[in-house]
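Fit chain B to the given chain A structure using the hints.
2 protein chains.
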Amino acid sequence: MTEQSGALMRAEIAQQPDVLAALLDAENEARAIAARLRARPARFVLLAARGTSDHAALYAKYLIEITLGLPAGLASPSTLTAYDSRPDLRDVLLIAVSQSGGSPDLVESAVRARECGAHVLAVTNAPDSALASVGWHLDVHAGEERAVAATKSYTAEVLALWLLVTAWAGGDSARARAVPAVVRAHLDRQEEIATLAERFRFTDRLVLTGRGYAYPTAREAALKLMETTYLAAHAFSGADLMHGPIAMVSKSHPVLAVVPDGVGGRAMAPVLASLREAGVDLTVVGGPGSRRPGEPGYSLDGPDEDLSPVADIVPLQLLALEMALARGLDPDAPRGLNKVTRTW
Amino acid sequence: MTEQSGALMRAEIAQQPDVLAALLDAENEARAIAARLRARPARFVLLAARGTSDHAALYAKYLIEITLGLPAGLASPSTLTAYDSRPDLRDVLLIAVSQSGGSPDLVESAVRARECGAHVLAVTNAPDSALASVGWHLDVHAGEERAVAATKSYTAEVLALWLLVTAWAGGDSARARAVPAVVRAHLDRQEEIATLAERFRFTDRLVLTGRGYAYPTAREAALKLMETTYLAAHAFSGADLMHGPIAMVSKSHPVLAVVPDGVGGRAMAPVLASLREAGVDLTVVGGPGSRRPGEPGYSLDGPDEDLSPVADIVPLQLLALEMALARGLDPDAPRGLNKVTRTW
Numbered sequence: 093m094t095e096q097s098g099a100l101m102r103a104e105i106a107q108q109p110d111v112l113a114a115l116l117d118a119e120n121e122a123r124a125i126a127a128r129l130r131a132r133p134a135r136f137v138l139l140a141a142r143g144t145s146d147h148a149a150l151y152a153k154y155l156i157e158i159t160l161g162l163p164a165g166l167a168s169p170s171t172l173t174a175y176d177s178r179p180d181l182r183d184v185l186l187i188a189v190s191q192s193g194g195s196p197d198l199v200e201s202a203v204r205a206r207e208c209g210a211h212v213l214a215v216t217n218a219p220d221s222a223l224a225s226v227g228w229h230l231d232v233h234a235g236e237e238r239a240v241a242a243t244k245s246y247t248a249e250v251l252a253l254w255l256l257v258t259a260w261a262g263g264d265s266a267r268a269r270a271v272p273a274v275v276r277a278h279l280d281r282q283e284e285i286a287t288l289a290e291r292f293r294f295t296d297r298l299v300l301t302g303r304g305y306a307y308p309t310a311r312e313a314a315l316k317l318m319e320t321t322y323l324a325a326h327a328f329s330g331a332d333l334m335h336g337p338i339a340m341v342s343k344s345h346p347v348l349a350v351v352p353d354g355v356g357g358r359a360m361a362p363v364l365a366s367l368r369e370a371g372v373d374l375t376v377v378g379g380p381g382s383r384r385p386g387e388p389g390y391s392l393d394g395p396d397e398d399l400s401p402v403a404d405i406v407p408l409q410l411l412a413l414e415m416a417l418a419r420g421l422d423p424d425a426p427r428g429l430n431k432v433t434r435t436w
Numbered sequence: 093m094t095e096q097s098g099a100l101m102r103a104e105i106a107q108q109p110d111v112l113a114a115l116l117d118a119e120n121e122a123r124a125i126a127a128r129l130r131a132r133p134a135r136f137v138l139l140a141a142r143g144t145s146d147h148a149a150l151y152a153k154y155l156i157e158i159t160l161g162l163p164a165g166l167a168s169p170s171t172l173t174a175y176d177s178r179p180d181l182r183d184v185l186l187i188a189v190s191q192s193g194g195s196p197d198l199v200e201s202a203v204r205a206r207e208c209g210a211h212v213l214a215v216t217n218a219p220d221s222a223l224a225s226v227g228w229h230l231d232v233h234a235g236e237e238r239a240v241a242a243t244k245s246y247t248a249e250v251l252a253l254w255l256l257v258t259a260w261a262g263g264d265s266a267r268a269r270a271v272p273a274v275v276r277a278h279l280d281r282q283e284e285i286a287t288l289a290e291r292f293r294f295t296d297r298l299v300l301t302g303r304g305y306a307y308p309t310a311r312e313a314a315l316k317l318m319e320t321t322y323l324a325a326h327a328f329s330g331a332d333l334m335h336g337p338i339a340m341v342s343k344s345h346p347v348l349a350v351v352p353d354g355v356g357g358r359a360m361a362p363v364l365a366s367l368r369e370a371g372v373d374l375t376v377v378g379g380p381g382s383r384r385p386g387e388p389g390y391s392l393d394g395p396d397e398d399l400s401p402v403a404d405i406v407p408l409q410l411l412a413l414e415m416a417l418a419r420g421l422d423p424d425a426p427r428g429l430n431k432v433t434r435t436w
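Residue numbers (our numbering), protein chains in the order written: chain A, 93 to 436; chain B, 93 to 436.
Here chain A stands alone, though its shape is the one from the complex (with noise of 0.2 Å):
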């Protein structure tokens, strides 16, 4: 560890409420791309992606069933090209959402699923890339991004995907507009964040969950941790966490739940109910009224809980990066990973 250790990291963290005012003002591309997707309507929508942006394909899926009322699934790359399968996707658009538009297994399945007669739409900071050159594509305009933890391409593919489900629907995007704001003043939070990864200083593992919106929000929060502390983290949605692996958390393994203000968050009261019962080590990430008064935890204020997950992230990217600073790591350097993963 260096006084660099991290910089890389820190520093895309903090150009987030620039970059999401910049995508903002780039909406128009979401527009134009939204009015295509009304003009060919899909019966059915498939998301593909891997690591960090497979989170931002998950939100995608929820923001769609539940805003479009479209069924939606996750790919899985696999059956299209190790499987060589060829279903029938006339009637289906694949959006496929990668930080780098660069790996293999993703380009091909998308070329693939074209081929099997979907519509592609990739999602991408990559407008270059042999994934936009597929079929349309939508720029989350992240700019370069050099930590290997991706931080500021998930945030802005999670904006980017809002926008064009807010048009595809016909809706408006004004309340998108004061998201940078909520994201900044988590920013300024750095001390409430320290006092967090001191609280975890020596734990081994980590079981996040959440549900709904707030789900993939623990999921990429689970991974951060595990690429920059090789903490052991779990997420599973509050109802899975009550479907076995609940038997793995003790007072000794401690459990963050992410309880943004909404449905998910009402959703969860049963699952908090039950971790406190059984004197589970609890941490509530959440908004007013899901924390009880001493219970360690951090306060979400904002945006609506559709939004939510562009801004929630930021307080646990934080929280990975501190938590490896504080062991002596540097995220930006981690075991075994490099910033394009290049998988068949």
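Please note that the accuracy of each hint is not assured.
What the hints assert, rightly or not - Looking from chain B toward chain A, a few residues come up when the C-beta cut is under 8 Å (computed):
id, residue
1, Leu-138
2, Thr-287
3, Pro-346
What the hints assert, rightly or not - Per the computed footprint, the stretches of chain A lying under chain B, defined by three or more beta-carbons under 8 Å from a beta-carbon of chain B, are:
id, region
4, 144-155
5, 181-187
6, 295-306
7, 354-360
8, 380-386
9, 414-422
If you're looking for bench data, these hints aren't it; they were derived computationally from the structure. Heads up, the beta-carbon is just placed ideally off N, CA and C, and yes, glycines get one too.
Chain B only, in chain A's frame:
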């Protein structure tokens, strides 16, 4: 821990050859449902499940995409229930998989899906359950399951789904007749399992990985380990492992790869090579040729890749049982779990 610790789980693991043979004898039931599915073709399949059954559903997703060429996705029950979305499901088949047929959120999401136009098929071990009454029903005939950690109901669900999809595709089911004997052969190799359990005696975490049809097996094995040994067991598809979580593994944190012969196993070759190159402690549960000489592991021998999830989970169920007992835990009494999990 008492002399009886794990007796229920062990007994139900041992019943699997008979359970699977009985299910094969009842395959006309799957054929009858398949005839109805062929008469009312779906454009898309949604699968809804929780916990262990979610892994059977994930298996079915691969099988449906590869065998039938139909796009398929795992449903997020909360979008239909908590978020009250009303997707247009008029040409969608919803397959809900559940041992008990009793989880309220699953029943409610099946009812909602039917209201939104979907055909609903419940695959359960409980023909009198609420879920079984929503639409069509396929009984997995596993008999009463008393152990909290589901074993025989899982393999029965997987085989029932294989019989259903094979009949739906107009295929021949004769190949499945070999499965009970393969499972019986695993049950006769307790000593090898005990040796593997000894290897993992002191680890506090384990990463499991597999691709394609083996990925649901890796996920189900991780869940069994979490439920019975409280180990921090993670499962990643081979591709996703390379996109981030690989930073978490090292010489002191072992990886168990499930690599049956076939397409998925071949697609794992670059992942195994990367893990070996990084000096990771690697155990391979796999077909001939997947293990290096002297490398710890367990050899799998058939059945065909599309049927392998029925059999390949059995040594891993036994591994979870033996590891729990070696740690002085009673796998029949996991912390915080009941047989029927009620989530809303």
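We went through each hint and held it up to the structure:
1. Against a cut-off of 8 Å between C-beta atoms, the interface hint on Leu-138(B) holds, since the closest Cβ of chain A lies about 6 Å away.
2. At its closest, the beta carbon of Thr-287(B) sits 25 Å from a beta carbon of chain A; the interface hint therefore is violated under the 8 Å criterion.
3. For Pro-346(B), the suggested interface contact is broken, since its CB lies about 12 Å from the closest CB of chain A, more than 8 Å.
4. Coverage of a stretch by a chain is defined here by at least three residues with a beta carbon nearer than 8 Å to that chain's beta carbons; for the region 144-155 of chain A and chain B the count is 4, and the condition holds.
5. Counting residues of the region 181-187 of chain A whose CB falls under 8 Å from any CB of chain B gives 3; the rule of at least 3 is met.
6. Counting residues of the region 295-306 of chain A whose beta carbon lies closer than 8 Å to any beta carbon of chain B gives 4, which meets the minimum of three for the stated coverage.
7. For a cut-off of 8 Å, the count of residues in the region 354-360 of chain A with a CB near a CB of chain B stands at 4, and the three-residue condition holds.
8. With 0 residues bearing a CB less than 8 Å from a CB of chain B, the region 380-386 of chain A misses the requirement of three and the coverage assertion fails.
9. Three residues within the 8 Å Cβ limit are the bar, and the region 414-422 of chain A against chain B gives 0, so the coverage statement is violated.
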